[in-house]
Amino acid sequence: MNNVLQIAWLLPILPLLGFIINGLGRNILSKAISGLVGCLVVFASFLLSVFIFIEVKNGNSQVVHYFDFLNVDLLKIAFAFKFDPLSSLFLLIITGVGFLIHVYSTSYMHGEPDKDFAKYFAYLNLFIFSMLLLVMGANYVVMFIGWEGVGLCSYLLIGYWFRINDYTNAANKAFIMNRIGDLGFLIAVFWLIAKTGTVEFDQVFSAATIAKLSATDITGITLLLFVGATGKSAQIPLYTWLPDAMAGPTPVSALIHAATMVTAGIYMIARSNILYTMAPVTQGVVAMVGLATAVLAATIALKQNDIKKVLAYSTVSQLGYMFLALGVGAYTGAVFHVMTHAFFKALLFLGAGSVIHAMGGEQDMRNMGGLKKYMRTTHLTFLLGCLAIAGIPPFSGFFSKDEILAAAYVHNPVLWVIGVITAVMTAFYMFRLYGMTFLGKFRGSHEQEHHLHESPAAITFPLIILAILAVVGGWIGVPKIFVHGGHRLEAFLEPVFRESNAITTKHEITHATEYMLMGVSVAGALIALIYAWRRYGKYQQIETSPKGITKILENKWYVDEIYNSTIVQPLRSLSGFFNNIIERKGIDGLVNGTGKLVNYGSRQLRWLQSGQVGAYVLLMVLGILILFIIQLFL
Amino acid sequence: MGSYITFPELLIWLPLLAGIICFFAKKEHAAKSIAILFSLILLGISATSLFYTDAKYINWNAVNYFYPNNIGNTFYVALDGTGRLLTFLTALAFPIILLATSKNSYKNPSSFYGLMLLSQAGLMGVFCSMDALLFYFFWELALIPVYFLCSRWGGEKRIQATFKFFVYTFGGSLLMLIGIIYVYLHTPERFFEDGTHAAHSFALNYFYRAQLSAGDQNWLFWLFFAAFAVKMPVFPFHTWQPDTYDQSPTSVTMVLSGVMVKMGLFGVIRWLIPLFPLAAERYSHLVITLAIIGIIYASCIALVQDNLKKLVAYSSIAHIGLMCASLFAMNQISFQGVMLQMFNHGINIIGLWIVIDLIEKKTGVKNISQLSGIAHKAPVLTIMLVIMALANIALPLTNAFPGEFLMFTGLYMFNPWYGAIAAVGIILAAVYTLKMIQRVFYGDSNAITDQVTDISFFQKLVLGIIVCLIFLIGVYPQPVIDLTKDAAVALIGRTK
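So the sequence lines, in the order shown, correspond to chains Z and V. If you're matching positions, the first sequence starts at 1 in the working numbering and goes up one per residue. If you're matching positions, the second sequence starts at 1001 in the working numbering and goes up one per residue.
Mixed in with the good hints there might be a few duds.
Stated by the list, open to error - Capping the alpha-carbon separation at 30 Å, the derived lysine-lysine pairs in DSS-like fashion look like this:
id, chain 1, residue 1, chain 2, residue 2
1, V, 1056, V, 1027
2, Z, 76, V, 1485
3, V, 1377, V, 1361
4, V, 1460, Z, 31
Calculated directly from the structure, the hints in this document are not laboratory data.
Kindly produce the complete structure, drawing on both the sequences and the hints.
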């Protein structure tokens, strides 16, 4: 093992070191130093990831074992990392996009006091550390360590401005909804251990281990793991925390709630692909939930006025797309979309952050408009991001989305139709956002207009890099009908999905059908794009109270309210009942009643309160003596 | 060393001696110094004992004194895996508790510290005794000082709380005593090295050989279980606990929740399950059901608690419920999980109490609704609390995760439904813990918390030790797990 994998343990240790330095030194470090430390450690991790990627690309995939985390009876859980095409690709995305967002943050968070600035970078580094553990873990337990770790960082960063109650509410909501998902994940792990005695990926996915599992076991385990994924990756029914999570600083939304953490569920299922392929029922559920989430979130995004909320619902919707891909067995497509989405959604969030920064914290698009001429770089990069997410060729989103839609069509044309409708809605709300923000006349206050400016280089530099990636990122997955052997990503990931591909029967579609499918979705997206551009390019604020479907959409289908009245309130009532009735009146009442019966005895016990310590000691000695006497005479 | 004195003897006699010396100390300062000094020496001894686990050191770890004309009871003390871990927890807990509360002043300090150390001696005895009568003696020796400590140094409603505590635990103890005598009368004849013999014996290994029918086991099980269930406590024997925790002086609450609740779990491990394996198996479903009801029930009540101390008390009831359920799952994974978690729970809850005590001293209130925005005023205190709270909800890389993971796994292997339902507790724990953090620490400070200052260097140090332990065991739990392997294997052997 004479290669870079030998020092791969440095990969998570570096950001951890950054966390420790910034965490402990937050009171003495200047902004320049804490920012530098925060960025450097992630950049070093990125370089290391590049070397690891090259190593893996040369065919050297392996598991590196460090120590036994738990070793009880027959259960052995190792602290080990797995380096293979799937994890090495995610490492690049996490550290690469992560580094750009760290750089961006040095400028975006510059207004914070020194110690909060250091705290922010400490949390961000801790997040990278956890995310790397999640991706590199060679078994479900190490993955779970990272899985809950990223949840913690998300909680800490959403509640970064902890003095504002709404923000900490959002942080709690995120953590708790993730915990509900985590429960599913955990039970799946217990199930696996009970049936197979192991959680190591290499063993679990081996034919010998799978043979120990019945069809019910596989379906149950995969469904429970999927419950975990719905929490982390914000799918129905656990998606409502993600829009609220926009309370955190915008770079955090870009990094955690768009590019990396929320794709953990997709990573986990792609990692477990063989189990999913063997559980058609689960696959059906995954596809349906993914598609339903994609549509639901897209409808809500149509009517949001907060720039970050639109992007948040768009993220939920795109994640739904990825689950659709997983559900129809297009694992490569899902991973592909994770990658392109990381580029364009991070770009869009960072662009939105640049706008919010320039607007002095304003997030309502109704008060924006016409920013095109004030912020040229932000505008241009943002436009590229919008084109990418709308699925316009040859931008990256087109290729990944096309692959998913084609796979959906093969599976069932109905899935494809709904998928295309969602894609059309995506193009519409993105260009509604674009139009309201960058086109038309400025609708904000005079003061804001005076303040408008292009952001500094630390902000525009990451935007430019991400814009380039959002444009060209899709070219590693060009469909076969355009270029033979063009889908380099598929070839790269082939070892990970080999077994799954071997047992699924492939239905090829004709080239004519494929062109037709592509044409329909691109045409739909273009029409929506142009319509939104024209309509919202000259948007004027009209004061009307929303009615009908608009009102329902603006209120997000009232899902939060429904959860509140069906789960939160009943739980609170039940707890109150336990506390006031059963505990105080029931059990304690019984005990106190018994106490009254022995009232006489209690009066005798008053000597306990004599206050003479000598007497107490005397009594204890007496007691001991009595024991000895019993022993002598019995 | 082994030929002169053994580890268990040192662990018992030293705090006893120190306690007696404390009683005669004239000044508060002297009593406090003696208590702290001796508890630190004891910690050193206990820590040393962790390195002498090998079978060849048997003479260092076990001793059996008998005296002429006895009734089959001897002074038989020894350290096995579980005992070693719990004596270490006891030895570790006391200096932390004494140091953390060293700023508090008590009236009549010499007896306060004296009683504390007597209680420690009793606890050490409980964890080392291999003789039933000796076990009972130490059980009471550990409890009686606590009655005095609560009733004399406690809060406003201390009399009421102590009375409830006393009735519960004393009732349980008496039932156990009846059980002990009954089993004793069914043990075989015992011959001693000096040629004498006794009709019966209290020794643990003789108790194991007692002639008990399945019918006998069934009711004896409940006699012993009563004492242990009250001590843990398991639903519905728990209502003494929140009041006692709330009303006792904080240092006593720390002893009670950090170490003393482990007496109940320990009793199940060393006495209840091995003595009555048939009954334990027969009633395992009933006990687990009670324990799981306790988890959900106590977690729900914690959701609506306004009193910080009671919140921690109910949270502890939920955690102990999980440990109790896992014990009765009776497989090696669940046993070792419980043993690891007993240690972790002790450390974590003491840390929580230290923080709550600091908050109460700084603000004068312990109600969540009156507090707000402490994070802004006391960031270091907040960081410490948040880490302990995260350990309380078993976040990975804190010590509670490996413990709870093993317990849930073991419980799941016993019965999937028990494992799955008990695991709902991790969601509820997150809800009440995060809510507490949010209300008390986040937001803007109010009139009560405006004057709060951050903790001193000394307090940082004490809390820092706990935090380090949390992470150390959280990242690398295996050495602690290995310590309990022999005990778990032996226990499995008894149940088969």
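Hint by hint, here is what the structure shows:
Pair hint residue 1056(V) plus residue 1027(V) does not hold up; C-alpha atoms about 45 Å apart against a cutoff of 30 Å. Under the criterion of a C-alpha separation no larger than 30 Å, the hint pairing residue 76(Z) with residue 1485(V) is consistent with the structure, at around 14 Å. Pair hint residue 1377(V) plus residue 1361(V) holds up; C-alpha atoms about 15 Å apart against a cutoff of 30 Å. At roughly 25 Å between alpha-carbon atoms, residue 1460(V) and residue 31(Z) fall within 30 Å of each other, so this suggested pair holds.
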